[in-house]
Amino acid sequence: MERRLMALVKPRVRSDLTIVDLDGEATVYDDATGDLHTLNPTATIVLHLCDGSATINELSTELAGVFDTPKEEIEPQVRALLRKFRRAGLLEPDPRTRSEGAVA
Amino acid sequence: VTAASTGDVGSDALELVARQRPTSPCQEKLDRLGWVTCEWFEVDGYRFAIRSTSAMFGAWVGETLAHYRSPRQPADHPSDALYSVVAEDEPREEELARRRFSIIYQSGWGIVRTMDLPFLAEQLIRHVDALRAPIRDDAIFLEVGTVVVDGNVCIIPAVLQPAVQKANRRARRAGLVCPGGMHAAIDLDTGDLIPSVIQLRIPPDAFNDARKRFADRADEMTWQPFAPTPVSALLFAGGDGPAHLHPVSRATALRELAPRIRNVRVLGGAAFRGLSRLVAEASCYEGVWHSTDGMLEIMSAAATNPYVAERTQDTLVAR
Numbered sequence: 001m002e003r004r005l006m007a008l009v010k011p012r013v014r015s016d017l018t019i020v021d022l023d024g025e026a027t028v029y030d031d032a033t034g035d036l037h038t039l040n041p042t043a044t045i046v047l048h049l050c051d052g053s054a055t056i057n058e059l060s061t062e063l064a065g066v067f068d069t070p071k072e073e074i075e076p077q078v079r080a081l082l083r084k085f086r087r088a089g090l091l092e093p094d095p096r097t098r099s100e101g102a103v104a
Numbered sequence: 001v002t003a004a005s006t007g008d009v010g011s012d013a014l015e016l017v018a019r020q021r022p023t024s025p026c027q028e029k030l031d032r033l034g035w036v037t038c039e040w041f042e043v044d045g046y047r048f049a050i051r052s053t054s055a056m057f058g059a060w061v062g063e064t065l066a067h068y069r070s071p072r073q074p075a076d077h078p079s080d081a082l083y084s085v086v087a088e089d090e091p092r093e094e095e096l097a098r099r100r101f102s103i104i105y106q107s108g109w110g111i112v113r114t115m116d117l118p119f120l121a122e123q124l125i126r127h128v129d130a131l132r133a134p135i136r137d138d139a140i141f142l143e144v145g146t147v148v149v150d151g152n153v154c155i156i157p158a159v160l161q162p163a164v165q166k167a168n169r170r171a172r173r174a175g176l177v178c179p180g181g182m183h184a185a186i187d188l189d190t191g192d193l194i195p196s197v198i199q200l201r202i203p204p205d206a207f208n209d210a211r212k213r214f215a216d217r218a219d220e221m222t223w224q225p226f227a228p229t230p231v232s233a234l235l236f237a238g239g240d241g242p243a244h245l246h247p248v249s250r251a252t253a254l255r256e257l258a259p260r261i262r263n264v265r266v267l268g269g270a271a272f273r274g275l276s277r278l279v280a281e282a283s284c285y286e287g288v289w290h291s292t293d294g295m296l297e298i299m300s301a302a303a304t305n306p307y308v309a310e311r312t313q314d315t316l317v318a319r
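Top line first, the protein sequences correspond to chains A and B.
So in the working numbering the end of the first sequence lands on 104, straight run, no missing numbers.
So in the working numbering the end of the second sequence lands on 319, straight run, no missing numbers.
Here chain B stands alone, though its shape is the one from the complex:
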């Protein structure tokens, strides 16, 4: 940012903004990528930018979120983008053989990593929609990740979701599907995981359009809760010590999940009653692991009940 490009804003103020901008090694690397689009949007008074390395993807985002476009302001800088989407335009023929991941970064965090660009497009809109979660009352919005094994849904800490997605191929080999996203909508009355209703004003065929536009970069659709689905297990990350998976009380699970409710101020006690229904029906575990494979194994075990399936790798101990 230079003073010349910023109109009335003084250079001192800009330096202050630059100093205040959180930087991380990942953020700095991101900033150096070749961003070809960067658009600003405003949802319920909250301004944010989405940038992309793909002109085609950027165009789709611009059209889909057209209702929320916000004029760029003098102090806006591409590095302040909330979402950074790394995707390839028209992959060259030789690249089709070794397909690459498309990734959504939220600030410096990789939150969705997939080879299915239409799916990534939908996930991006779901993330933008989730910005409104704190003011919604149609479901409990939890900041968590999910993994699915043989149809059994296991809720995991949101911070683990990127790690699972990074190990996507290994996860699939282990029979573990990672839907992506870092939010889950929970039915207030049943505690089931439900498909969250997108409340943003977007074209009704936006996702079909993405599937058509990015058909050459589609993959098998990743699992999503198309219908209300009971949660089989809750897994929390433990501290130090040998790798293990052991049950925790449901009250402990509720206490761990409570700070993850994004709309507790709107729902109040109803959020806890709904969440207690989820917790009451699920097996609750704490796990410790020391490797990605160990993490995947523990997630898989938690989702399918370790007290039935004997696990041996990574010195897994069921207590």
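Here chain A stands alone, though its shape is the one from the complex:
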């Protein structure tokens, strides 16, 4: 049941974050906590794909195409990255999730 819920999650970056892109690397400032996050180019691409329109499965498919890498290889990495985003508080909480960190 939980797995099925997770498959439906469409990660969305919090709209109140300040995201600055410089040479393909994002710097994210969280006004609410004062935290500053610096993302490498790959994490920056994933962050920008988190617009609430695609499931993790769909994101992985898209990234597999971009990086010309099998989706099975990409998806665990995307999930791990999204977990980090979630822990850092960069994503909107998904109403369908039952607990923090159970999403990705």
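Since the hints were made in silico from the structure, they are not lab data.
All values derive from a computational prediction rather than experimental measurement.
Accuracy of the hints is not assured; some may be wrong.
What the hints assert, rightly or not - One-sided excerpt, in silico: chain A residues whose CB lies under 10 Å from chain B:
#  : residue
1  : E25
2  : A26
3  : V28
4  : D30
5  : G34
6  : L36
7  : L39
8  : T61
9  : F67
10 : A88
As the list claims (entries may be wrong) - Derived coverage of chain B by chain A (criterion: at least 3 residues anywhere in the stretch with Cβ under 8 Å from a Cβ of chain A; other residues may be distant):
#  : segment
11 : 34-48
12 : 238-251
13 : 260-269
Using N, Cα and C, we set each Cβ at its ideal position, and we do this for glycine too.
Given the structure of chain A, go ahead and fit chain B onto it with the hints provided.
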């Protein structure tokens, strides 16, 4: 401080204050200088003292910051002064030939060192004004230093500013101008370095007055951002290893600068957007050096782009 001079405050409490006062070799040396004036002020609830070895300079400070004068309290001690200004009153004739630096110390740190006393006077007021930086929203206030080479502005870590000023003569010979001060105001919309507007209530002619009063101790005016000026380069101090200057990513530069924003709580994300405009237009470098000359050379190189000008001294390597 003795119990007799402190009214109601018990001697035990005073000893505690004395123990808590941070001391450094520099602070101890400073405390032994002949301070002739020490006045207390209060800006937005923050009390601080300014002491000086010059009665004339102390008088100018007292008049300029008259609006903020605060009565001395029993526990106040001159050694607690936030700013200590070393300047000479009426230099003797033989001393005019070998002019001395006037210096502002903030606690134990020499933050401005110049032979231009009117300029030092202005810098002192700018530092006091910067105490309010965390609550201002008219610009991004960065705790950084600046050096200027051929009109190119290079932002450097604030902690390096005193070292550059100490080597003022050598810096000038190297074509490097050090404006002094440890704060820069950055335009929120353009990311340009801008002249910060002094918000303290001071007499409108305070700086002209300083130029008149200390005319015999004026020097050529040090560079200041009189108009919005784009920042050409950002230089950060690297770690160990051979002397070098190499580029760093703009994201790295932004991350390095971010903790230096003094009014981030007021500006929030707008501070980062403004700062990213500054960073996007500047060349960003990390430098390592092992001598003052090496430091000056690397600063000069960063400001003027090392990938155009070949540098050889101090085994400078452009990677």
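Results of checking the hints against the structure:
Using the Cβ-Cβ criterion of 10 Å, the hint placing E25 of chain A at the interface with chain B is satisfied: the shortest such distance is roughly 3 Å. Of the supplied interface hints, the one on A26 of chain A holds, with its beta-carbon coming within about 7 Å of a beta-carbon of chain B, less than 10 Å. Taking 10 Å as the C-beta cut-off, the interface hint given for V28 of chain A holds, the closest approach to chain B being about 9 Å. Restraint check, D30 of chain A versus chain B: the minimum CB separation of about 9 Å is within 10 Å; hint holds.
Interface hint status for G34 of chain A: upheld, as the beta-carbon distance to the closest one in chain B is roughly 7 Å, under 10 Å. A distance limit of 10 Å between C-beta atoms decides the matter here; for L36 of chain A the minimum to chain B is near 5 Å, and the interface restraint holds. Proximity of L39 of chain A to chain B holds as hinted, the smallest CB-CB distance being about 8 Å (cut-off 10 Å). At a threshold of 10 Å, the smallest CB-CB gap from T61 of chain A to chain B is about 28 Å, leaving the interface hint violated.
For the restraint placing F67 of chain A at the interface with chain B, the shortest Cβ-Cβ distance is roughly 21 Å, beyond the 10 Å limit, so the hint is violated. Of the supplied interface hints, the one on A88 of chain A is violated, with its beta-carbon coming no nearer than about 15 Å to a beta-carbon of chain B, more than 10 Å. Three residues within the 8 Å Cβ limit are the bar, and the segment 34-48 of chain B against chain A gives 0, so the coverage statement is violated. With a cut-off of 8 Å between beta carbons, the segment 238-251 of chain B has 3 residues touching chain A; three or more are needed, and the interface restraint holds.
Using a Cβ-Cβ cut-off of 8 Å, 4 residues of the segment 260-269 of chain B lie near chain A, which meets the minimum of three, so the contact claim holds.
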